[in-house]
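Undergrad: If you want the building blocks of each chain, they are given just below.
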Amino acid sequence: MKFSVFQVSRKGGRVKNEDRMGYCYTRESGLFVLADGMGGHPEGEVAAQLALQTIAALYQREARPTLKDVKTFLASSVMAAHQQIMRYASNKAMLDTPRTTVVAAVLQGNTATWIHCGDSRLYVVREGQLLMRTRDHSHAERPRPNATSEPVNRNLLLTCLGSPSTPLFEVSAPLTLQQGDRLMLCSDGLWGVMDDLLLVRSLSTGKVSDAAPELVEMALRRGGPTGDNVTMIAIEWQTPDVPGADAGVSTDSISDDVFASTIQAGMPADGEIDDLDDDAIERSIAEINEAIRRSAASRKS
Amino acid sequence: MSKVKPSPLLPDTVIGGYRVVRRLSAGGFGVVYLAVDASGQQVAIKEYLPSSLATRGTGELAPQVPPEKLSLYRLGLKSFFEEGRSLAQISHASVVSVLNFFRENETVYMVMNFLDGATLQDFIVTARDLKKAKVFRESTIRSLFDEILRGLRVVHQHKMLHLDIKPANIFVTEDDRAVMIDFGAAREVLSKEGNFIRPMYTPGFAAPEMYRRDSSMGPWTDIYAIGACMYACMHGYPPNDAPQRIEKDRLGLSLSRLRGVYSDDLIEVVEWCMSLDPLSRPQSVFALQKELSREGERRYTKLSVGEKMRLSLDNMRSYEKKSLPKAVAPTTRPA
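Chains as they are written, first to last, in our numbering: chain B, -6 to 294; chain E, 348 to 682.
Hints were generated in silico from the structure; no laboratory data involved.
Backbone N, C-alpha and C fix where the C-beta goes; we use that ideal spot for every residue, glycine too.
Be careful, since some hints might not be right.
Stated by the list, open to error - A few chain E residues facing chain B, derived, Cβ under 7 Å:
(1) Tyr420
(2) Leu422
(3) Phe428
(4) Gly431
(5) Arg432
(6) Ala435
(7) Gln436
(8) Ser438
(9) Val445
(10) Arg450
(11) Lys506
(12) Ser563
Claimed, not checked - Below are the DSSO-like pairs computed for lysine-lysine, each with C-alpha atoms no more than 30 Å apart in a straight line:
(13) E:Lys416 to B:Lys64
(14) B:Lys64 to E:Lys481
(15) B:Lys64 to E:Lys506
Unchecked claim - Some chain B residues judged to face chain E by a derived CB distance under 10 Å, without partners named:
(16) Val1
(17) Ser69
(18) Met72
(19) Tyr81
(20) Asn103
(21) Leu151
(22) Ser156
(23) Ser277
(24) Ala279
(25) Ile281
(26) Asn282
(27) Ser291
Using the sequences and the accompanying hints, generate a full structural model.
TA: Right, here's the structure in full:
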């Protein structure tokens, strides 16, 4: 497997950067994740970081060196990330939970499969044309039978990780990749300030390692002094071996059990992964019974 | 591929200190039993036993899960916990209450209040068979749904959607309370594609967005189902399912047959709840309650003689064609 990857995250005009990104790979599989911690709720950057760590840790455990079932992995790891965030909030007895969007893609064999929740996007560009992109879980992109052009608040998300209501997410069908296909994961700080046409054109111009930073600079300029965090991961599939091209990542040379990752573990709740073992089941049951007791008590009083 | 359903526990099996009396119902996610506790109190116990993932021989206790299905089984278990967690937080007369939650036989059990009475579905079928112009009186419908909506409002306040409201999931107790049961669908929010556990829905009562399984679900999705339940209480039959309606919408026509029998106000409420566009429905239970409880003279549209003739001809024709649709709308999974 061979690809070029470029990732960058910039704070823009905001006080802090609540976006997180990263990728990891084994000899035969690659994972790319991006999360945009949400404002308006506490510790968005923690939610984003937890999402990355959880998904990456599960990936490390299961990609040996490939994932057996990519779709199941994506769905269950995103749910696990959600539960990690909820657990973090509950351990800290937080009144409001930290929240984040997430988009994650797995490249394996010659296919790409992705999942997203919220308004962080994945774009696929082939031969300079937009092949597809994810549809946000926002009021703006909510499918409606009678589409009207009335203005809607694009910042209003319908779902995210860390919300008390179980997250909704979509897993894509596997897409067979062709040499030179470019995939981009990005936060709304990037796509929110330019239209898809410009975005696709910029992304497909020149080498990925030039196009990607140029795109981010453009977004920062357009975002202005109060602009949002801008984060992206751009990937080119099977960069051809021509002189002057990016060296890229070739996973073929690494041995079977090597796992490479840009995602650093160990920030808040240290990487305890909820795979619902016996302890987790007992804990859930105890929690539910505690809630039953509390409701029963409040009913009597 | 024919699939053998896992066997339910046999009567007199003791689980968690409760003795199983008989099986009450079975769905895709598990089996519900009538059981009694040590003091003889009747309870309903829901057993996590997903029929597509687990097997169990007659008389056996622990379900068998093939290794390749274990991760999905665990994922489903999480949903089962979510249902328990959510229901445990809700304490409302119109929402079934959870009494206990325990683990045994390598699966988990949720103990709920046993409700004595019958489902709204049973009442509709009985009332319909009387062949009167009205299935239920308007005042009955209004007070029934007032009660249900109070409960549903609390459910939504807990950031939860029911997602399978239908007459068969509304219980009317012997002491005349309406109680929503079976929140099993509420948490089965997984992917549209792939080999995941698919969410269940009931044709006729499921809003169009339930079929798409996208993120446009919200309180309005349950409100569509409420409208469909009211329709069933007025007509005696469930409305056409959403895909049929999208192709050719006969809702207005079939509601017009109820003009003069029920007030225009009630008919309009049903039409509002059942708008195909989620944004055109009441966006919250509160908005619907407000409309439903509005005081004032009810308006009725009298039908002209010509209209009555046409309606009765229509009725005759549609009965010939359909020869009575199925009484009970089955819960199905999308193909």
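Undergrad: Which numbered hints turn out to be false for this structure?
TA: 1, 14, 16, 19 and 20
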